[in-house]
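**Student:** Got chain A sorted already, so can you dock chain B onto it with the hints?
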Amino acid sequence: AQSVTQLDSQVPVFEEAPVELRCNYSSSVSVYLFWYVQYPNQGLQLLLKYLSGSTLVESINGFEAEFNKSQTSFHLRKPSVHISDTAEYFCAVSDRETSGSRLTFGEGTQLTVNP
Amino acid sequence: EPEVTQTPSHQVTQMGQEVILRCVPISNHLYFYWYRQILGQKVEFLVSFYNNEISEKSEIFDDQFSVERPDGSNFTLKIRSTKLEDSAMYFCASRGGPGRDNEQFFGPGTRLTVL
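Chains A and B, in that order, give the protein sequences.
Each residue of the first sequence is one higher than the last, beginning at 110 in the numbering used here.
Each residue of the second sequence is one higher than the last, beginning at -6 in the numbering used here.
For the record, the hints were derived by calculation from the structure and aren't laboratory data.
Remember, it's a predicted structure, so these values are computed and weren't measured experimentally.
Yeah, the Cβ is synthetic: ideal placement off N, Cα and C, and Gly gets one too.
Honestly, I wouldn't trust all of these hints.
[Unchecked claim] Subject to a maximum C-alpha distance of 27 Å in a straight line, what follows is the list of computed DSSO-like cross-link-like pairs (lysine-lysine):
1. B/K76 - A/K158
2. B/K50 - B/K71
3. B/K50 - B/K35
4. A/K178 - B/K35
5. A/K158 - A/K178
6. B/K50 - A/K158
[Stated by the list, open to error] Derived list of chain A stretches under chain B, where covered just means 3 residues or more per stretch with a C-beta under 8 Å from a C-beta of chain B:
7. 149 to 155
8. 202 to 210
9. 213 to 224
Same shape as in the complex, but just chain A (with noise of 0.2 Å):
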């Protein structure tokens, strides 16, 4: 079984400052990594993913996520935010021995970017 706590449920930005959006991850057996994004009233977009590879992990609109093995974490970063990027942000984890296995996702981080 996995689990995954995101430690901070609400955070709040000031346009064009770097924030961090922490993960960690508890699991028997070696897992996928990945970051979803859900803006108002939307679906979960996918925004990162570790497979395996380099453990830092970079997406198309600035974000980036470092795996942490030793630390089981895979926090996510943006040297600089949008009010675009208010959302929501979920970490989740599956299974990398099972195919096809459920994701297992985290509670939530409410980003909230102000001018």
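**Tutor:** Chain B alone, transformed into the frame defined by chain A:
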């Protein structure tokens, strides 16, 4: 770009009534999922479906729930006798086959309101 679609976008029903939520997964995908998100809470896994049978289900997915892929394109979730606590956003997701990208693609969701 192919996408997962869901209908209806919003369903209002009376307690005790049956509802069917519909999804059209991405056409060459082989794994299908239902998740739900109660307002203000995290996204929870309900069930996964592969090779025309349920591959995994959560404790939420009791006898009141069923899934079906009736015609090779649609993937449905039926709730036989709805309860107030079934009110939630229901997301369908699909994924490619074994050995393919592990990403699950989500639909926009159906908001179910049980009165």
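**Student:** Check each numbered hint from earlier against the structure, then list the numbers of those it violates in ascending order.
**Tutor:** 1
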